[in-house]
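Produce the entire structure from the sequences given, and follow the hints as far as they go.
Here are the chains, one letter per residue:
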Amino acid sequence: MARRAVGVATGRRSWLWAQGLACGLLVAMAPPLALVLAVLFTPALLAMLMAPAGAARNPCGLLLVYGVAAALPWLALLWAGAQSWPVSLDLLTRLHLPGAVWGAQAAAWLLGELVPVAARQVLEGRVRARRSQLREARSRLQLEWGLGEAE
Amino acid sequence: MAPMPPAPILSAPTLAERGRLIAGQYAVDLNRPMPGWGAGLECFVATDVKSGRGDYMALLVRREAPLRTQAVNALSAMPIDGILTPLAHGPAMGPGGMPGWFVVTQAPPGAPLWAEGMAAAAPWHEQELLNELLRPVAHALERLQARHVTHRGVRPANLFRARAGEAVTLGCAWAAPAAIHQPAIFEPPYAAMCLPGGRGEGSISDDVYALGVTLLMLAIGRVPLSGMAEADIIRRKLEVGSFAALVGDERLSPAIGDLIRGMLAEDPDHRPAPVLLADPAAARARRVAARPPPRSQRPLLVGALALSHLRGVSLAIATAPQEGARLLRSGAVDQWLRRGLGDSTMAAQLDELVRKRAADQPGEDATADALLVTQAIALLDPLAPVCWAGMALFPDGLGGALAGTAGTAAERALGEMVAAEGVAAWARMRPERCDPVLLRAEAHQQRQTLRARGIGGGTARLRYELSPMLACRSPLLGSALVVRLGDLLPALEDAAAVEGVREGMPIDVEIGAFMAARSDTPVAGELARMGDAPTPGAAALIALRLLVWLQERQRVPALRNLAAWLALPLAPLLETWNNRPQRTRLAEMLAAHARAGALPQMLDLLDDQAARQRDSTEAADAARLVARIDAELAQLAQAAPARAAMADSVGHELVLGAGVTALTLTLIATLVM
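So the protein lines, in turn, are chains A and B. First residue of the first sequence: 7, per our numbering; consecutive thereafter. First residue of the second sequence: 3, per our numbering; consecutive thereafter.
Worth flagging that the hints you see were computed from the coordinates, not collected in a lab.
Computed beta-carbon distance windows for the label pairs:
id	chain 1	residue 1	chain 2	residue 2	range
1	A	Ala143	B	Met591	26 to 32 Å
2	B	Arg585	A	Val128	42 to 48 Å
3	B	Thr619	A	Pro58	54 to 60 Å
4	B	Gln637	A	Gly26	45 to 51 Å
Interface residues of chain B toward chain A, partial, derived using beta-carbon atoms under 10 Å:
id	residue
5	Asn580
6	Ala621
7	Ala671
Don't be surprised by glycine CBs; every beta carbon is placed ideally from N, CA and C.
Pasting the structure below:
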């Protein structure tokens, strides 16, 4: 168990180191792209940093997916413009681009909170109906056969 | 004595009236009683409605003293001249509006020879005695003997003749147990000392004895030993012999004296047979010289009595059994036999009995003492009857004795005698005078009947078995007369209509014993189960089963009152049904059947084993289903956190899926463009 915990910790540190290396490489080799990505995916980054330790799910993944989906056409433009500083700054100054990407990430976060709740309600609703059906049947049997009260 | 009133001429009976007729033929006229003509029983003029003749007599049978079934059956088919033989018997309305059982005979030709209570009359002449009394009665007794029937009612009050010069006719003696109404002077002392109903059928020699006393009484014109108590008469006869006790100092003609002496012999084997009496000269010639009973110089004290002869000692021990047992066990009787009578053989036999008693039951034991007394008396006096607990009876008189003592301590004592097989013990001591094997088998069978478990056994069952015409004496029946099994249901139905009767079961101890004794199908098992039933409802169900069985056998219609009676204790049985709606339905159906008096339908409803089994099975299924429901509800409650986790997971996956789908579509669109 101790060895496994050490292994998990080692794995985390390796992953963190890899992430750091990837970010460093991106900043070094494509700084305009890195700037755009950093600005556009700030909510995802914040969600990752703010997620409580030991939480079942990290909403960062959802925010990234939805953010990428929203940002993809713009990133294609940046890539077509050879990832130059003017193109990246131009993209960032158009407020609807960061707004759309941040909006998509906000929608992802909202959906990630609301959809499970809705799913829970649907499941519980079915359970309530079943419970009511069972209680009714039990009551009928109790009346007919004089069996004991339900616990 | 007033002559018999003339009979009216009646018209043919209607169908309704036929039901009130004896054997559908004889009508009893309660307005024309015949006091003193029934030899101890009430009797009335009866009329044959078919012929219109009114020269018949109906004797009312007392409920506690049933008629003699064997004699009635033997004589009904073929009458005997000179005797009022039974023509028919059956139920009819009796005095006071109470139903009664009657025996119908031809009316006597004239008044009785001696009215009850009459002190004296003109003595008869010798020829009158021989020709008008002895010969005709001897002929009649001879014909009875051929049918293996005894009369046991021979006495002047039960002999009739139309006028002087005509032969007498023997009266009826079939409407009560044998000799039950015979005064002690007319009975041999050993029969006179018995319970009135316990004298048994006896033998024809007992009738010869009674005829001898009758001959004496008419010869001397008065009642011998008049005014003496019956117990004293018996003691006197045993002390000096019947002839000496009854004749005393009376002067009789030699012929009559010799005849009477022979007819009054203590030993029945020494009395002349009826065929000899038909020829008085031959009867006189056959005189058996009986040895006088031995007497001791030293009397034996039994209580306050100082007795010098065996018969007296036997009688004293029989009437004071506890004192007698003490004397026997202490050896006082043994010593008296050896020293007083010089009979060491009998003393040795007595000593053997006492030793056996001590070995079998050391210490005080009332039953062992009673058996010792019974056997000792039989040894001391082989002519003596079965003596038990101060009572005496002959074995074939047990039925009459039980009928006459029903519900009393005497009946319980007789039951103890049967349980101890006292009759068998008595028979073993006198094998030359009875059939010990037969009596032992009968005693054993009676004991088995007595020991039958529950309300179908006991002394009540024995009482009804030994007296086939004994009426059921259950208090539930009120004044109804129930002699045959077929009379029971209508009587119960009527009884059930009376306020206050419907408590407990309609089958009590007496009715149960009556049913067990009268039915050819064994019902004792069901009756025993009824007595052992754990609840009144279960007992009522068994009672219902028995009554339905009876109803189906006899095809009795609806019994509304009985059904209403049983419905009350049966109702709780419905509580054992598990299904509530079914319970309600059954209760309604039970009430409907009870209102209709449909006992079989009530039984089908309550005793439907298949339906009960279904109810039990379905109740078990319902219980299992409820258990499954409870388990599922518990599982649903326990699985709530898991469901929440699953909902979260499903929701997250849905959102993620939508996001990936959007990403993919966007990528494709971007690449295409």
